[in-house]
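Peer 1: Single-letter residue listing:
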Amino acid sequence: MNAMMVHRGPDDEGCFVDACGVALGARRLSIIDVEGGHQPIGNEDGTIWAVLNGEIYNHPALRRELLLRGHELRSRTDTEVLVHLYEDYGDALVHALEGMYCFAIWDARRGRLLLARDRFGEKPLFYRASGGRLTFASELTALQSGLDAADAVDPVSLTAFLALGYVPGAASMVSDVSQLPAASVLTWRLQDPVARVARYWRLPDLRPSATDSLEAMTAELEVRFADAVRSRLIADVPVGVLLSGGLHSTLVAAYAARASNHPVRTFTIGYDHGDVNETDDARHVAKLLGTEHREMVLSSVNVADLVPALLGRLDQPVADPALVALHAVCGLARDHVTVAVGGEGADELFAGYPRYRWLAVSSQIARAAPASLLQAGAGALNAAALHDRLGRLAEVLSPASAVERHISWVTDGRAKTTSDIWGRALRDLSEPFDPVVDAGQVIARSGVIGTLRAFMTLDQERWLPDDVLAKADRSSMLASLEMRTPFLDRSLAEFAASVPISMLAGPRDKHLLRTLFERELPELGGARRKTAFRVPLAEWMRGPLRPAMEAQVARGSAFAEEWLDRSAVNALVDQHVRGRADHARLLWSVLAFGCWLDTQRGTSTL
Amino acid sequence: MTRPRVLVTTPDFPPSTGGIQRLIAQLVSHATGWETLVMTLDHPDSGHTSAPVPTLRVANTSAFRQASIARLNVATVRQGLAWRPDAIVSGHIVTSPGALMLGGLLRLPTVQYLYAKEIAVRPRLARFSMERSTATVVLSKHSAAVALRAGAHEERLHVIPPGVDVAERSPRLGGRAEIPTVLTVARLADRYKGFDVMLRALPLVCAQLPAARWVVIGDGPLRGELERTARAWGLNDSVVFCGHVSDEQLDGWFASSHVFAMPSRLPADGGGEGYGLVYLEAAARGLPCVAGNAGAVAEAVIHGETGLLVNPTDHVEMAGALVALLDDADRATALGAAGRERALVLSWDRMAAATEALVADLIASRT
Numbered sequence: 030m031n032a033m034m035v036h037r038g039p040d041d042e043g044c045f046v047d048a049c050g051v052a053l054g055a056r057r058l059s060i061i062d063v064e065g066g067h068q069p070i071g072n073e074d075g076t077i078w079a080v081l082n083g084e085i086y087n088h089p090a091l092r093r094e095l096l097l098r099g100h101e102l103r104s105r106t107d108t109e110v111l112v113h114l115y116e117d118y119g120d121a122l123v124h125a126l127e128g129m130y131c132f133a134i135w136d137a138r139r140g141r142l143l144l145a146r147d148r149f150g151e152k153p154l155f156y157r158a159s160g161g162r163l164t165f166a167s168e169l170t171a172l173q174s175g176l177d178a179a180d181a182v183d184p185v186s187l188t189a190f191l192a193l194g195y196v197p198g199a200a201s202m203v204s205d206v207s208q209l210p211a212a213s214v215l216t217w218r219l220q221d222p223v224a225r226v227a228r229y230w231r232l233p234d235l236r237p238s239a240t241d242s243l244e245a246m247t248a249e250l251e252v253r254f255a256d257a258v259r260s261r262l263i264a265d266v267p268v269g270v271l272l273s274g275g276l277h278s279t280l281v282a283a284y285a286a287r288a289s290n291h292p293v294r295t296f297t298i299g300y301d302h303g304d305v306n307e308t309d310d311a312r313h314v315a316k317l318l319g320t321e322h323r324e325m326v327l328s329s330v331n332v333a334d335l336v337p338a339l340l341g342r343l344d345q346p347v348a349d350p351a352l353v354a355l356h357a358v359c360g361l362a363r364d365h366v367t368v369a370v371g372g373e374g375a376d377e378l379f380a381g382y383p384r385y386r387w388l389a390v391s392s393q394i395a396r397a398a399p400a401s402l403l404q405a406g407a408g409a410l411n412a413a414a415l416h417d418r419l420g421r422l423a424e425v426l427s428p429a430s431a432v433e434r435h436i437s438w439v440t441d442g443r444a445k446t447t448s449d450i451w452g453r454a455l456r457d458l459s460e461p462f463d464p465v466v467d468a469g470q471v472i473a474r475s476g477v478i479g480t481l482r483a484f485m486t487l488d489q490e491r492w493l494p495d496d497v498l499a500k501a502d503r504s505s506m507l508a509s510l511e512m513r514t515p516f517l518d519r520s521l522a523e524f525a526a527s528v529p530i531s532m533l534a535g536p537r538d539k540h541l542l543r544t545l546f547e548r549e550l551p552e553l554g555g556a557r558r559k560t561a562f563r564v565p566l567a568e569w570m571r572g573p574l575r576p577a578m579e580a581q582v583a584r585g586s587a588f589a590e591e592w593l594d595r596s597a598v599n600a601l602v603d604q605h606v607r608g609r610a611d612h613a614r615l616l617w618s619v620l621a622f623g624c625w626l627d628t629q630r631g632t633s634t635l
Numbered sequence: 012m013t014r015p016r017v018l019v020t021t022p023d024f025p026p027s028t029g030g031i032q033r034l035i036a037q038l039v040s041h042a043t044g045w046e047t048l049v050m051t052l053d054h055p056d057s058g059h060t061s062a063p064v065p066t067l068r069v070a071n072t073s074a075f076r077q078a079s080i081a082r083l084n085v086a087t088v089r090q091g092l093a094w095r096p097d098a099i100v101s102g103h104i105v106t107s108p109g110a111l112m113l114g115g116l117l118r119l120p121t122v123q124y125l126y127a128k129e130i131a132v133r134p135r136l137a138r139f140s141m142e143r144s145t146a147t148v149v150l151s152k153h154s155a156a157v158a159l160r161a162g163a164h165e166e167r168l169h170v171i172p173p174g175v176d177v178a179e180r181s182p183r184l185g186g187r188a189e190i191p192t193v194l195t196v197a198r199l200a201d202r203y204k205g206f207d208v209m210l211r212a213l214p215l216v217c218a219q220l221p222a223a224r225w226v227v228i229g230d231g232p233l234r235g236e237l238e239r240t241a242r243a244w245g246l247n248d249s250v251v252f253c254g255h256v257s258d259e260q261l262d263g264w265f266a267s268s269h270v271f272a273m274p275s276r277l278p279a280d281g282g283g284e285g286y287g288l289v290y291l292e293a294a295a296r297g298l299p300c301v302a303g304n305a306g307a308v309a310e311a312v313i314h315g316e317t318g319l320l321v322n323p324t325d326h327v328e329m330a331g332a333l334v335a336l337l338d339d340a341d342r343a344t345a346l347g348a349a350g351r352e353r354a355l356v357l358s359w360d361r362m363a364a365a366t367e368a369l370v371a372d373l374i375a376s377r378t
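So the protein lines, in turn, are chains Z and U. In terms of this note's numbering, the first sequence opens at residue 30 and continues consecutively. In terms of this note's numbering, the second sequence opens at residue 12 and continues consecutively.
Since the hints were derived computationally from the structure, they do not count as laboratory data. Check each hint, because a few of them may be wrong.
Which chain Z residues face chain U? A few, computed with CB under 10 Å, are given here [what the hints assert, rightly or not]:
#1 Ala90
#2 Arg93
#3 Arg98
#4 Asp120
#5 His124
#6 Gly160
#7 Thr240
#8 Ser242
#9 Glu244
#10 Val252
#11 Met325
#12 Val326
#13 Ser329
#14 Phe524
Label pairs and their calculated CB-CB ranges [to be verified]:
#15 Gly442/Z - Gln260/U: 53 to 63 Å
#16 Val390/Z - Phe252/U: 43 to 53 Å
#17 Leu219/Z - Asp341/U: 35 to 45 Å
#18 Gly254/U - Asp364/Z: 52 to 62 Å
#19 Arg218/Z - Glu189/U: 28 to 38 Å
#20 Cys44/Z - Glu189/U: 46 to 56 Å
C-beta atoms are modelled at their ideal positions from N, C-alpha and C, and glycine is treated no differently.
Bound conformation, chain U alone:
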């Protein structure tokens, strides 16, 4: 068989940033067995960056995201009819209508990516896309359980964990900062990531380690609230909100921090972390993680081995875990090293190969 032609449709793709963006980009870069075409939304910076595979972009008016998504779905169908792929991969449930329509017209297998939180936000669309797609891919056992509760078919549900960038981002050992530093990397958009619990824990951490600081990398709609809370509670000297940083700067923070922390909890309306890729990225750089013992995160961080899992709503327990690692360099280093070992096994090549095998099976069973 010649290289299968795979059309990947996704609203999230670099240069826009986020977990889904990274995941899809790594998939198409490492799935070298495919001839890939990516359909996605335009981005102000897309002219300055080169995509790893041929990419077509649809006009994106950020004020009318739904209209942009609709345009993307229409373009996917139109482009697909011309390009004639062998299979379709949809990176988000919002692109499932276009993927499924194209799949129906050309009688092609469709693979739908499902994370966790969109099931809560758009339960009907999630159910629709899971029912109609040939296969649904989730990143963790936790997401699989959530998907099954939301109506997924077990025989069409596949767990393929993402990979972690290891080789090009090896830790600079011995480069840790003088100041006890706790690092969080996240888009500041979802309350379930537990930024509030971090702010509550901080005075307790500083009571024992007065110089300690919390470095927050990422931006989003919650940033204003978090900064105002930090100010109201007199924590200005202990928190650094960095906003977006370059990859080099991010590497610098990963290298100089002592602990990665993000107490994600299960949000009230379901969902939450679909995988917790960022914990593995931190582990790959030799950082021990402190995380919530809830949902998929408990698959990404092994308590007592690669980090500490705490009750994500208990800021006192969180503070205790942070101090335990900040105050015991040997233990932190040991947990970080074990986390790196584990992350090394989870490569993008492995993830891409598993996805390629799945798509090949689906194509074969169709013909």
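Only chain Z is shown next, with the shape it has when bound in the complex:
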């Protein structure tokens, strides 16, 4: 299993095998205590063992606290801190941790295993519990290599993936394999070999009222954000910043520059194809901040080779096209640094998506206007929907439920139409994934009140861990680069939850973050376009990726095994290529699943 994850940790590997047949293994990317950080690591008498994937940012403070209480630590690593925290706090040690992590702790005295995943799901953890056996790993592929036979596609997960572009929640693309949800622990005992999952944290729904001024909130944000960035720069190896030139990554780069004594290294990416190019923005920011800036151009020639190969290397498919750009910029960064800091999570916590405001407005309209009028308005807009945005506006105005409107928005309306391309293997499903039902359940479980907070919670529970962070983790780890995200600092996130919605999202989207930006970085100019390593997807699917797409439809396992319907997908490809419609995102999902399944089956259409 270790051998399947060399990319996650090329520097070292280690194994621990207990007399009773329990084994822990780890691959290591050396960042803290490069020499002394071998894993697994045990306590003084060898009764407690731990492996850690990720980073505990507050480990220096935790170490001081442990030494004060008389613990003896042999290394400077965060993994060893886990072992001793467990001795004092047991499972509650998760409440002491700030970081991105998944870890396993084997307690030989009690014959008990503890698995845990960080609060937002930055680091992945897959497991399979059956027949009294528990197997777990950071990546699905590694887990599969350790199982007897687990390569069956989970059909419900596939329908979810086609609708959303990622596999949501506790399921995985492989039958019988689960993903430990964010902010959860799993316990398992030799005497009672059942996996028990419990959630240990959630972002509280504070429903704050505006008692604090915008100035006071901005000042508080400044302090917490500066702390969050500073704590994520701690490393014994060089650290860089992935700079798209947008608001979030610019804030990260600026605060990283303030916190370090030497010039910060920044990295960005551009294209020779399509109308999306972020290099000018990023270069401008880099110049003003005085960073050591490097950029690369992804040419359409590269895309044709690189994309199918990358999609095939994913342990679980993620159909977010930004993965390609992010992976490329991670590759560039890896030539110069081992750790990079990015702006992920800001949109979800600080109401960065414009849709939040649109959907909130649409709910107000829906309450005020008669349905027939809305239907007519939406119909007229749909008829005129030559432009993508108008189509979305039509969706927003349609007299559907708020959750339906949200799902329709985030999936570009494809959630309703993906069943058209289901193959025979999916058509007989009694209960295919329904994104609207799932979203309703997530919102209901959270108990959150208010339309906008509800959608933010939904995004924090689904989109953030299963798309944004899965993408960030895989694209960086496939380049053997560690990626850190200051916006997902616990204290910063809990602060964001205490900011009234009127200050977060109004009078403009991400109002509070923009206020900070304007106050602290006036020299960089006010309005930042929203850019997050976007890719010219529609052009790619018509141009450089068309051969791969056609080969996939003709020979891919996804079609041979009848997960997808060949003629339906062919029709979509045809419409897209001719410019009659934009099916880029759905076709991208097809390509991502197809390339992944081909790797599973050991075949290739390339």
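Model the placement of chain U on the given structure of chain Z, informed by the hints.
Peer 2: The following block gives chain U in isolation, referenced to the frame of chain Z:
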């Protein structure tokens, strides 16, 4: 010289509750050398309580606090012209306009009280009142430093720490509860008091002392958020939000708790605790304190002597300190006893005498 007539104008005065209210009430009760008139805002309960000195109240519409304050300032000037005081004491910067106008008209010395957080909230008014007042009184060296940074004149700045009620509130030794109890007493209004850090620390405390509980006394706009957080994190059994309690009940909680804790930090926009009177009140009852090593609090709690000071944003350190005291009764008792010794020295009589001396000096230098 006959007893000087001192007009005290303050928006905060009992029966409304809070640190400033207590401070001004104790000042006017213990400054027996003065003939005092208090000008303040009306309060729904003011009919049922007797003020220690003659008090005039101005109509208070809580929805329009600024209008009420303006009325108080106008009334202070009008009443002052009739009453003819020898000196004016302003309990809060919002009453400085009336105090200063009256002082200007009658050529009287004005003494302005300054805490900490209002400097951040109303920097211009704070600077104005410090510049024009004859003297500015702060409660701690920390507040003095904040005031100096905000433009105070060093020669007109006086540090007079408040007193602590000791005699009538002696600890009932041996009355501590069976359940390990951490106590916080505060208005639930200011985030800098670190309630969030307490909630984060609590699961770690309970991991080591499962029966431990955190008792929160006081009310305010943050209560809903704190209760919702406690619920979301499954801490319902470990936190008790008591809201407002009577003095007798408060004494009961002080007597039965084991540790007083409030990790106040320095808020981002400056200010914070002006003094931290509540730590000394807890100490006077023999309770060891766990507090943040930030600002004025570090003057109220002596680390290792009367309590433990921790990094107020580090909930793990906070939990460590709480468990250290909850789990070691001898150490907690020793720190509590030392805190009481120290609090005994800080009496209201001493505080009032120092203020009376200051006012006498100012009057003398005027004439």
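Peer 1: Taking the hints in turn, state whether each one holds.
Peer 2: Going through the hints against the structure:
no.: 1; hint: Ala90; result: holds, 6 Å
no.: 2; hint: Arg93; result: holds, 8 Å
no.: 3; hint: Arg98; result: holds, 7 Å
no.: 4; hint: Asp120; result: holds, 8 Å
no.: 5; hint: His124; result: holds, 4 Å
no.: 6; hint: Gly160; result: violated, 32 Å
no.: 7; hint: Thr240; result: holds, 5 Å
no.: 8; hint: Ser242; result: holds, 8 Å
no.: 9; hint: Glu244; result: holds, 7 Å
no.: 10; hint: Val252; result: holds, 4 Å
no.: 11; hint: Met325; result: violated, 38 Å
no.: 12; hint: Val326; result: violated, 41 Å
no.: 13; hint: Ser329; result: violated, 48 Å
no.: 14; hint: Phe524; result: holds, 9 Å
no.: 15; hint: Gly442/Z - Gln260/U: 53 to 63 Å; result: holds, 60 Å
no.: 16; hint: Val390/Z - Phe252/U: 43 to 53 Å; result: violated, 36 Å
no.: 17; hint: Leu219/Z - Asp341/U: 35 to 45 Å; result: holds, 41 Å
no.: 18; hint: Gly254/U - Asp364/Z: 52 to 62 Å; result: holds, 60 Å
no.: 19; hint: Arg218/Z - Glu189/U: 28 to 38 Å; result: holds, 33 Å
no.: 20; hint: Cys44/Z - Glu189/U: 46 to 56 Å; result: holds, 48 Å
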